[in-house]
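Colleague: Chain A is fixed; fit chain B onto it per the hints.
Residue numbers (this note's numbering), protein chains in the order written: chain A, 1 to 65; chain B, 1 to 257.
The set of hints was computed from the structure by calculation and includes no laboratory data. Built from N, CA and C at the ideal position, the CB exists for glycine as well. Worth double-checking, as some hints may not be accurate.
Simulated DEER-style distance windows between Cβ atoms [stated by the list, open to error]:
(1) A/Ser51 to B/His74: 19 to 29 Å
(2) A/Gly28 to B/Asp123: 40 to 50 Å
(3) B/Gly217 to A/Glu27: 38 to 48 Å
(4) A/Lys2 to B/Gly177: 48 to 58 Å
(5) B/Glu239 to A/Asn36: 22 to 32 Å
(6) B/Glu197 to A/Ser51: 54 to 64 Å
A few chain A residues that don't get close to chain B, going by computed Cβ distances all over 10 Å [what the hints assert, rightly or not]:
(7) Met1
(8) Leu3
(9) Gly7
(10) Thr16
(11) Asp19
(12) Asp25
(13) Asp52
(14) Asp54
(15) Pro61
Okay, the calculated bits of chain B under chain A, using three or more residues with CB under 8 Å as the criterion [claimed, not checked]:
(16) 33 to 45
(17) 53 to 67
(18) 231 to 244
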Amino acid sequence: MKLTVNGEAHEVAAATLADLLAALDYEGDWLATAVNSDLVHKAKRAEFRLSDGDRIEILSPMQGG
Amino acid sequence: MFELYGTALPSRLLLGTAQYPSPAILADAVKASGTSVVTVSLRREMAGGRAGEQFWSLIRSLGVKILPNTAGCHSVKEAVTTAKMAREVFGTGWIKLEVIGNHDTLQPDVFGLVEAARILCEDGFTVFPYTTDDLVVAERLLEAGCKVLMPWCAPIGSALGPVNIMALRSMRGHFPGVPLIVDAGLGRPSHAVNVMELGFDAVLLNTAVAKAADPVGMARAFGKAVDAGREAFCSGMIEPRDVAVPSTPTIGRPVFS
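Just chain A, same shape as in the assembly (with noise of 0.2 Å):
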């Protein structure tokens, strides 16, 4: 399935977003994610099914004013 997490093409077998954070090596509580401009909250990553195409996006903490 061809997806784009950050900003980046990736071809990954990942069923859910569950899957997909795993298959790329996040894992975390201080990770929030969105799929295709919409939050998915963390208790719903390992139910969120993917689609070809979607955009991912991956955020965490980080300095600013």
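Modeller: Leaving out everything else, chain B in the frame of chain A:
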């Protein structure tokens, strides 16, 4: 006691966490400033990366309140989604709402700002809108549910200080009961004193401290400046006049000729 959305805060200085030379200097600057609120952001994490975790761990260790921002967002949709992601990660409904409208000045897109503020207020967020000094926009933000306003005094990072004193004074006069925080454009402690003397409730700054030669010393200086400006405002300053008035009593002055 100074309160924002019902939360009592010991300091009227809000401090950004970006651009410091090191995490240790950031931590020392936060402590030296006396601030009780720091702003943070969300950015893309690298696969396998732990930068976010380290930063988040440092911030939590400081024992201050967290104000996440939506910096860099140029649309209502981006800002709203970022706010929701921030609420999940940081565990707070506080959000410094930025919807940027111009790349050069980083001034707010005030139309998008009002729309995003309405959506987030209805969703239960505690919104701190980064706005201009426009009174009509301020009215709209209050109508949207905001109970605090954060007008700029100059473009972000410009260090120009208050470039339109008349507009700030007018804003203060029009919204006497609304907490007003000058956000963006301060460069020196004297700028902070200046806006606090006008009766603004607090200031939010980042670059002026983080990019100073000694960020810790500058953080301390800004903390004192904010306190000095507030105390001066509360103490009733005298009005300037065009003629001299002797401060030493003239009664009893000897005459030698």
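Colleague: For this structure, which hints from the list above don't hold up?
Modeller: Violated: hints 2, 5, 9, 12, 15 and 18.
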